[in-house]
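Chains as they are written, first to last, in this note's numbering: chain R, 1 to 283; chain W, 1001 to 1247.
Don't read these hints as lab results, they were simulated from the structure.
Cβ atoms here follow ideal geometry from the backbone N, Cα and C, with glycine treated the same way.
There may be inaccurate statements among the hints.
[What the hints assert, rightly or not] Beta-carbon label-pair distances, calculated as ranges:
(1) R:G73 / W:D1022: 47 to 55 Å
(2) R:A49 / W:L1089: 51 to 59 Å
(3) R:H90 / W:P1211: 27 to 35 Å
(4) R:H223 / W:L1089: 31 to 39 Å
(5) R:R26 / W:R1244: 48 to 56 Å
(6) R:G206 / W:A1161: 25 to 33 Å
(7) W:G1042 / R:F84: 41 to 49 Å
(8) W:A1141 / R:G206: 28 to 36 Å
(9) R:G73 / W:T1109: 39 to 47 Å
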Amino acid sequence: MRVGGLELAHPVLNASGTWDAEQSHRLFGEANPGLAGFVTKTVTPEPRAGNPAPRIATTASGLLNSIGLPNVGRTAFLTDLLPFLQQHVHGPVICSVGGFSLHDYVETIVALDGHPGCSAIELNVSCPNVETGCASIGADADETERLVLAARAATAKPLFAKLSASVSDIAEIAQAAEAGGADAVVCINTVKATVVDRATGASRFGGGGGGLSGPAIRPVALHAVLAVRAAVEIDIIGVGGVGSVDDALDLLAAGASAVAVGTALFRDPTLAQRIASGLSRAR
Amino acid sequence: MSAAEVAPTPLGPFPARVLGSDRLGGLALVRLSLDPRTVLGGPGQFHMLLNPAGRDYLPRPVGLIQLDDGGVGVLVDAASAAGDMAGPLLQVLGPLGTGFDLAAVTSATTLLVAAGFGITVLPAIVTKHPQIRLIAGFRQADHVAALKLVERADHDEPAVAPDTVLSALASALATGRYQQVLAAGPLGMGRAVAGLCVEHGVASQVAVEAPMACGFGACNGCAIELGGVWLRCCIEGPVVAGARLVA
Ligand SMILES: Cc1cc2nc3c(=O)[nH]c(=O)nc-3n(C[C@H](O)[C@H](O)[C@H](O)COP(=O)(O)OP(=O)(O)OC[C@H]3O[C@@H](n4cnc5c(N)ncnc54)[C@H](O)[C@@H]3O)c2cc1C
Ligand SMILES: Cc1cc2nc3c(=O)[nH]c(=O)nc-3n(C[C@H](O)[C@H](O)[C@H](O)COP(=O)(O)O)c2cc1C
Ligand code: FES
């Protein structure tokens, strides 16, 4: 099947930032077991340590995180991680790119465009856990279109835009991404949420802020996919609370061409395999 | 077969039935239908434990314990044993993380320090080295009953406040008898223990606790900063060289 210009063996990917291919290879013997490709953690121009601890809190129906995009930075990503992924990942490698200005994104995309290990680029314009860039770009249709246009000019590789539901109208942002030349939109990133310290009245997370993922946001993702389906022609990759074959079928029925599994992999790292084979039986 | 080709240990997740549970004060030792030969790792390694039908969506890290009767148990607080960990069918992933290097352990020269659930990493060491000296601390008096898990160790009256653990440790180190300390407990206690060991020129290995969402390096939720370097406790820990905690 083709999704957003990429050839996929089946419609199940991982959600960015929820699977570590190197650790998976070491522990489970495969970099991306059960997945049709691999979406990387968002890479930024410089290495980032991420937010101070605590970074996670569990809820009855999912996970709250304020991780803050820790990553090795562009240089190590290109020289160390990408060759590993090129060698060990089954299927395409989709590189998630983040930044704090248009320039940040474009520089990384130019570098990735020249690397044979990168099959496609996913623009993260929706991370709720950094103060500037990312989500503030993805909250504004004009800024989103400008960024996607610039990215489009910098690469011929398939280009995805990862959107947030924590905006007033996700369909409008998806239209902007399509107008800028994106091949697909990825809906949705985590939903802005937090835990509070009763003594101080502030967020309990070291980095403040926070994002909710898991079953709690499944209906939010479904709504986003329906709304975006009605607004754009390009493919949609549905993300948010996928934990079973039925969850994936719902997103596909709502108009997604593929799904990505995130938080549910923390609950069971063998889940992607079962969802993929369940889908092939169900469809 | 080269090191790179060594087959990975099967991690599961394995199903585990709850066979019963025994109260230990405010805690409970829950017995699980697991084969210790396949699931237990070395002391200091941990497992992710989930009740798929329970309160929490994600598993929690626990230290599985080999029981004297050959079975496998997990120590949780009594409320969890009656609620979220009551089963009937739990799911266990592991063993995960780094364990203690036990090569240089002797009863005469090694000192164990445990706080709270840190006690769960010690039974395997105590079984091999009875009469090894243990300093234990608990936040709550009704958790002290957990010492039953390490009754063959040589321990004082346990402390019910963390600073008392530290003063007992300082006195023990001052004797000059100990060459290494193995400690397990919350991060703050681990840092303090490691600091005292550095002051006394004694080597230490410390198993630290951090909140974990995955346990296998995927979420970055368990990262702690050690001397400007971030370390994922689930894969580069939980056991770390004490000197790194004070760098
Ligand atoms: C390496 C490592 C090893 C660890 N080993 C252990 C171990 O062996 N045993 C262990 O217990 N913890 C262990 N921990 C800590 C553990 O992972 C949890 O952090 C701890 O059990 C607290 O659980 P919680 O965060 O769910 O508690 P919270 O969500 O903060 O729960 C608060 C209280 O509610 C109680 N509660 C939970 N479920 C219910 C319910 N259904 N109904 C009523 N009350 C309920 C809890 O018992 C607790 O007292 C370890 C941590 C690490 C990092
Ligand atoms: C721990 C964690 C880290 C994440 N990191 C990233 C990231 O680096 N880039 C990104 O675009 N999304 C990131 N996400 C969002 C996920 O890719 C996904 O959009 C979101 O979690 C919803 O899917 P889920 O409910 O299946 O987890 C992260 C989510 C989690 C829980
Ligand atoms: S618990 Fe997920 S990376 Fe350590």
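Hints versus structure:
1. Take G73 (chain R) and D1022 (chain W): their Cβ atoms lie about 51 Å apart, and the range 47 to 55 Å holds.
2. Checked against the hint of 51 to 59 Å, the C-beta distance between A49 (chain R) and L1089 (chain W) comes to roughly 39 Å, which is inconsistent with it.
3. For H90 (chain R) and P1211 (chain W), the hinted distance range of 27 to 35 Å is satisfied, since their beta carbons lie about 32 Å from each other.
4. Between H223 (chain R) and L1089 (chain W) the CB atoms are about 34 Å apart, so this pair conforms to the stated range of 31 to 39 Å.
5. Separation of R26 (chain R) from R1244 (chain W) is about 21 Å and departs from the stated range, judged on CB atoms against 48 to 56 Å.
6. Restraint check, G206 (chain R) to A1161 (chain W): a C-beta distance of roughly 26 Å satisfies the suggested window 25 to 33 Å.
7. Here the CB-CB span from G1042 (chain W) to F84 (chain R) is close to 28 Å, at odds with the stated 41 to 49 Å.
8. Checked against the given bound of 28 to 36 Å, the beta carbons of A1141 (chain W) and G206 (chain R), roughly 31 Å apart, stay inside it.
9. Hint check: G73 (chain R) to T1109 (chain W), Cβ distance near 44 Å, so the stated range 39 to 47 Å holds.
Of the numbered hints given earlier, the model fails hints 2, 5 and 7; all others are met.
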